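Trainee: Each chain is listed here by its residues.
Protein chains: 2
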Amino acid sequence: MASEGEVVSNKQVILKEYVSGLPKESDLQVTTGSIKLKIPEGCNGILVKNLYLSCDPYIRTRMKNLQLKGAHVDSFQPGSPISGYGVAKVLESEHPNFKKGDLIWGITDWEEYSLITEPETLFKIQDKDMPLSYYTGILGMPGVTAYAGFFEICSPKKGEYVFVSAASGAVGQLVGQFAKLSGCYVVGSAGSKEKVDLLKNKFGFDEAFNYKEEQDLNAALQRYFPEGIDIYFENVGGKMLDAVLLNMRIRGRIAVCGMISQYNLDQPEGVYYLANIILKRIRMEGFLVFDYYHLYPKYLEMVLPKIREGKIVYVEDKAEGLESGPAALTGLFVGRNVGKQVVVVADE
Amino acid sequence: MASEGEVVSNKQVILKEYVSGLPKESDLQVTTGSIKLKIPEGCNGILVKNLYLSCDPYIRTRMKNLQLKGAHVDSFQPGSPISGYGVAKVLESEHPNFKKGDLIWGITDWEEYSLITEPETLFKIQDKDMPLSYYTGILGMPGVTAYAGFFEICSPKKGEYVFVSAASGAVGQLVGQFAKLSGCYVVGSAGSKEKVDLLKNKFGFDEAFNYKEEQDLNAALQRYFPEGIDIYFENVGGKMLDAVLLNMRIRGRIAVCGMISQYNLDQPEGVYYLANIILKRIRMEGFLVFDYYHLYPKYLEMVLPKIREGKIVYVEDKAEGLESGPAALTGLFVGRNVGKQVVVVADE
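The listed protein sequences derive, respectively, from chains W and S.
Residue numbers for the first sequence follow UniProt numbering, so the first one is 1 and each next one is one higher.
Residue numbers for the second sequence follow UniProt numbering, so the first one is 1 and each next one is one higher.
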């Protein structure tokens with residue numbers, strides 16, 4: 001274990017330049033620099049050792065040159081490490097909210113050690129009987145995303161028909177389980193037989209299908225939803241959204257969490273059947289988890305007992321070592337991961 | 001005036017067959033049949049003389065072979081008269097809610113005299129100091145549409161930036177005036193210089209532009225909304241929607257009232273920039289006026305004094321005679337009308 005004030009080597013995952021198209025491992029570079037394990041004079045921050053890093057689809061958005069006025073999401077800097085959600089251990093703190101030894105989750109850089117100069121947005125981990133990596137997933141950002149998107153945006157009612165795309169991912173697997181706990185009928189789509197099996201056998205989806213094996217997504221949805229879809233939890237966009245629009249029911253709700261199929265396209269695909277939202281009175285709403293973190297305590301109160309009782313499960317795909325970061329992250333966009341993709345930087 | 005029991009000639013506007021593409025006058029036919037001015041034995045309906053018929057974009061939807069399960073909107077029958085909103089006078093009634101001489105508005109057939117067998121959904125006209133034709137517009141379905149869409153779906157706040165497309169139409173001209181009364185900044189688009197002048201000089205829009213003269217709708221919107229758009233009242237769809245998505249502000253709202261640019265296309269246009277609704281947390285909601293008629297009394301209470309005080313104005317485009325119906329209706333889809341398009345069937 002490194003001691004305070006020591007200069008240690010610090011591996012980092014650097015964005016080489018803005019990405020267009022499908023991100024490749026070679027768009028990222030693992031470099032080794034060094035860091036002095038000491039908070040600079042006058043800095044009110046904390047020094048952490050990163051333990052787990054979270055591979056999330058939204059990261060792709062930050063890998064391009066974004067120009068979105070006031071959207072509170074900005075681009076990474078080429079030549080600098082990328083950042084994202086992670087779990088870390090506090091080595092030293094000059095901030096009153098944190099002390100040495102605390103475990104936290106929140107935004108950190110993709111590197112072994114980080115100086116976090118504005119730690120106010122970090123969450124302190126209280127429930128340490130859980131696997132720490134869960135704080136990149138079910139107990140972290142994706143958990144609140146699934147919870148807010150499903151319960152706040154979709155307002156599910158017992159007996160409703162729910163469809164989840166990218167259903168075995170970090171968020172989708174939770175939405176499906178929340179839907180079942182709410183008494184809904186839920187179908188998920190995913191991109192491999194292994195994932196479809198997980199959905200049906202591990203997460204308790206009523207049905208699941210491999211979208212890559214469907215010639216006609218509209219026909220697939222008609223097969224699984226002869227009565228139509230009340231709630232669509234949108235993770236993929238593009239052709240799937242179009243097929244869903246054709247199959248929505250009156251007063252359906254679409255929570256738009258992500259559109260992973262579109263992030264790597266220079267020109268996004270067209271969506272053709274939007275006029276359905278008029279006659280069917282559909283509400284379609286985009287959301288970002290940042291707006292819902294006030295629900296985190298309430299969410300933990302709901303989900304922790306359910307995890308302990310085995311009523312909600314969570315599947316992770318762990319890549320070992322920061323060196324595996326570029327492959328793990330870029331694998332997300334071709335669906336290589338099975339479950340929530342995590343990079344293990346260090347054991348506690 | 002025809003007397004009870006008399007057989008009179010009855011002109012009708014007939015749909016010849018299902019329409020694809022832009023509706024032409026020749027898709028409709030004015031025929032002359034006859035009707036006995038007597039309610040058949042055992043029928044609990046009313047017999048009316050139609051005075052005004054309303055040309056509304058949604059009618060286009062019913063001119064094709066719709067197959068929308070449970071959407072409460074069905075196709076017209078080729079060979080039969082089309083129907084729509086109208087204002088009529090009761091000639092005879094076997095229904096307890098209506099008596100001879102009552103004026104009503106609601107769904108009626110495009111013909112001179114109609115037997116309405118289920119008059120329960122009709123509205124009785126109480127305020128007769130208003131021009132009767134207003135009950136096809138500001139005091140009828142388009143009025144409630146504008147009111148519900150703007151106030152219920154968009155929840156406007158003082159100072160917000162509002163954009164209305166098809167802004168000089170039956171609904172748009174009202175939305176713009178409601179927005180001004182709510183302390184919003186409002187810009188409208190329309191398809192001719194005459195309409196743009198109306199928007200600015202008659203309806204009090206802050207700005208207006210002719211979309212046909214803009215090479216780049218995105219640039220036009222950037223010009224009129226340097227701060228972006230909070231509320232979009234959507235009447236047209238297609239390319240305009242895409243340009244709006246690029247210019248929406250965080251937590252913007254889009255009330256989807258119609259997509260008139262798409263109704264005549266066999267294959268709708270793609271919408272490419274939907275992913276904006278995630279980062280910008282946009283809510284996009286389709287609605288139908290049927291769900292909001294319970295607000296009609298509240299709406300009348302608001303709007304009638306404002307009309308009487310001249311604080312809200314309404315512009316109509318009146319076509320004289322049922323024979324002019326096919327031209328008036330099809331003109332709507334090329335923007336020939338200036339203001340709310342009404343067909344005058346008969347004077348009271």
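Just so you know, these hints were derived from the structure itself, not from any lab.
This one's a predicted model, so the numbers in the text were calculated from it and none came from an experiment.
Take the hints with a grain of salt, since some may be wrong.
Stated by the list, open to error - Derived DMTMM-like pairs: lysine to aspartate or glutamate, alpha-carbon spacing no greater than 25 angstroms straight-line:
#1 S:Lys-11 x S:Glu-118
#2 S:Lys-239 x W:Glu-213
#3 W:Lys-157 x S:Asp-102
#4 W:Lys-311 x W:Glu-323
#5 S:Lys-24 x S:Asp-266
#6 S:Lys-239 x W:Asp-266
#7 S:Lys-64 x W:Asp-242
#8 S:Lys-306 x S:Asp-127
#9 W:Lys-158 x S:Glu-118
#10 W:Lys-239 x S:Glu-269
#11 S:Lys-202 x S:Asp-317
#12 S:Lys-49 x S:Glu-94
#13 S:Lys-157 x W:Asp-266
#14 S:Lys-212 x S:Asp-197
#15 S:Lys-157 x W:Asp-291
#16 W:Lys-64 x S:Glu-227
#17 W:Lys-64 x S:Asp-242
Trainee: Now tell me, hint by hint, if it's right for this structure.
Mentor: Against the structure, the hints:
| no. | hint | in the structure |
| --- | --- | --- |
| 1 | S:Lys-11 x S:Glu-118 | holds, 22 angstroms |
| 2 | S:Lys-239 x W:Glu-213 | violated, 32 angstroms |
| 3 | W:Lys-157 x S:Asp-102 | violated, 44 angstroms |
| 4 | W:Lys-311 x W:Glu-323 | violated, 35 angstroms |
| 5 | S:Lys-24 x S:Asp-266 | holds, 15 angstroms |
| 6 | S:Lys-239 x W:Asp-266 | holds, 18 angstroms |
| 7 | S:Lys-64 x W:Asp-242 | holds, 21 angstroms |
| 8 | S:Lys-306 x S:Asp-127 | holds, 14 angstroms |
| 9 | W:Lys-158 x S:Glu-118 | violated, 35 angstroms |
| 10 | W:Lys-239 x S:Glu-269 | holds, 14 angstroms |
| 11 | S:Lys-202 x S:Asp-317 | holds, 15 angstroms |
| 12 | S:Lys-49 x S:Glu-94 | holds, 15 angstroms |
| 13 | S:Lys-157 x W:Asp-266 | violated, 36 angstroms |
| 14 | S:Lys-212 x S:Asp-197 | holds, 15 angstroms |
| 15 | S:Lys-157 x W:Asp-291 | holds, 20 angstroms |
| 16 | W:Lys-64 x S:Glu-227 | holds, 23 angstroms |
| 17 | W:Lys-64 x S:Asp-242 | holds, 21 angstroms |
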